[in-house]
Amino acid sequence: MLNNIFKMLLLGFVVVGCSINNKHSSDHRHDRTTTPVAPAIDYNRPRYSEPTYNSPRYNRPTKRLAPVAPAKRSNQPIYSKPNYRSPKKRPLKKLASSSAPNRLKNNRYEPDKKNISHPKYLKQPSSNYAPNKPNSIRSYIAEGYAAQYKLAENGTRTTSGKIYDMYNMTAAHVNLPLMSNVMVKNLRTGSTVIVTINDRLYQNHNKNIIKLSYAAANGLNLLKNPSQLLEVRGL
Amino acid sequence: MNKIKLVTLVLILLSSAILNAKVITQEEFIDNMVSKHNFGKLYLTKLLGKAKVKSSILKIMFRPAKKSKGKGKPWYKYRKIFVNAKKIKGGVKFWNNNAAVLQRAETTFGVPAKIIVAIIGVETIYGKNTGGFRVLDALTTLAFHYPRRADYFRQELENYLILTHEEGMDPLQQKGSYAGAMGIGQFMPSSFRNYAIDFDGDNKRNIWTNNADAIGSVANYFNKHGWQTGKPVIAATKIRTNSIKKLLALDFAPKYTLQQLKQWGLLYFGTEPNYTNGMIIDLKTKIGTAYWLGFQNYYVITRYNRSKHYAMAVYQLAQEIENAK
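From first to last, the protein sequence lines stand for chains A and B.
Each residue of the first sequence is one higher than the last, beginning at 13 in this note's numbering.
Each residue of the second sequence is one higher than the last, beginning at 61 in this note's numbering.
It should be emphasised that the hints constitute simulated quantities derived from the structure, not laboratory data.
Don't take every hint at face value.
In silico lysine-lysine, BS3-like type, Cα no more than 30 Å apart, as pairs [claimed, not checked]:
no. : chain 1 : residue 1 : chain 2 : residue 2
1   : A       : 219       : A       : 174
2   : B       : 140       : A       : 174
3   : B       : 298       : A       : 174
4   : A       : 162       : B       : 306
5   : A       : 236       : B       : 146
6   : B       : 147       : A       : 236
7   : B       : 119       : A       : 162
8   : A       : 162       : B       : 344
9   : B       : 149       : A       : 236
10  : B       : 322       : A       : 174
11  : A       : 174       : B       : 344
12  : B       : 291       : A       : 162
13  : A       : 236       : B       : 140
14  : B       : 146       : B       : 133
15  : A       : 197       : B       : 137
A short list of chain B residues far from chain A (calculated; beta carbon distances all over 12 Å) [claimed, not checked]:
no. : residue
16  : 103
17  : 266
18  : 317
19  : 349
It should be emphasised that the depicted structure is a prediction, and the values quoted were computed from it without experimental measurement.
All C-beta atoms in this analysis are idealised placements derived from N, C-alpha and C, irrespective of residue type, glycine included.
Work out the full structure, taking the sequences as your base and the hints as a guide.
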């Protein structure tokens, strides 16, 4: 008997719950049918116009910055000596495995970050340099290494449309304007050449700032030992 | 054995007979000159009797290619002799000293000043080394004692005798190189008669000491051989690897058009139209063999000295001098 009563009660609860649920859902449906939420599409509104947001988040007033005064011309000369200390004067410390264990990683020499004289941490091209601006060529100074054209590239067309000739004084650069002249100096030997940039250097590996023709590399004594530190100056 | 010896003897005799038949002796040459150009026989025999046979000239002509200055050397060694800092510096100096004359030559003959300067630089180091041999000595030794090119040098001797008569010069006085090339531009007697000019208005073709005459003569030489003003001299090219042999076997002259050469495997990326004529030049650099396309103007430079290395050295020296100026 008790069991039967229990079952009945349970059934009753279930029925009541269902009915409540049904009632609720039916109410909701009833509401939606009476007051539609979806707004009618206004086809006269221009397309791609900015949506209007009413929420306060988008109407937040923007901060106005104080007007910036135009930069004055400094009296400093355009040619400034590069911030460079030659590695000859200050040779790198000897590799002592006990004192500096973190320098050798995967059998590859990793220079100490504190040692600023290493070319890896030398000053990058100056901040007043802006590409595609012919006035800025003169203020361009950079230091780094050079790539070289291969023999098979003799007779191919460069970006400027001229044919690469291995005996011409030309070079490829990442962003200096085409047909501009730069002076390249070998900082170890002191020899200089003037090359015309007539090509683009696309594979700009971190260490190569310029790609030199055979004649230019020969003038800088780079044929036997290509990894020598160079300085590139706009003319 | 005896038979073989006999055969060889007969062969030697025959060959010597043939060689002897070809060689024209000095007396025959004089007779020829007398009958052809009305020279006095006594005068010529006396004059050629005063000429000395120089053994040093024959030594130079017979020396092996290894010891010679430029012949037989790969391009990168040849280039060092003619395209170096000394020559470039001297060229700039020569250009500055003779700027007005060079400008006049460029406007009248259409030959760029840099090419004239480079030719004079390569030939005589800007007039410093015009040769220490007497021209008559050099020409007689080569005409009668150097059978390989006797015909050519006999003609030059003939031209030289006429030339000295025309110009009113003493044939024993003039000096030149071991091959008889004379003056700042190193003109052979035949080219002197055809191409040397008076470029400063003193009615004398003095190419030994007068820079103006030498410059004008060189410009005239190029102009008469078909220099194209404002056209390129050479351009770097690529060649398909399987057609290198075929293209390099072609004649040493711009006979074929770019259209034909491209069909045979030339990979040229320049802007020259397809109907321009070209020839292919291969040069051994330090890093490997590279190829260039020579145009009509390149061929004209080879008329001065028939060598691909010579013409290339002249062009590159001209470019370097222009850059350094």
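Practice task
Starting from the hint list further up, note which numbers the structure goes against and sort them upward.
Solution key: Checked against the structure, the hints that fail are numbers 7, 19, while the rest are satisfied.
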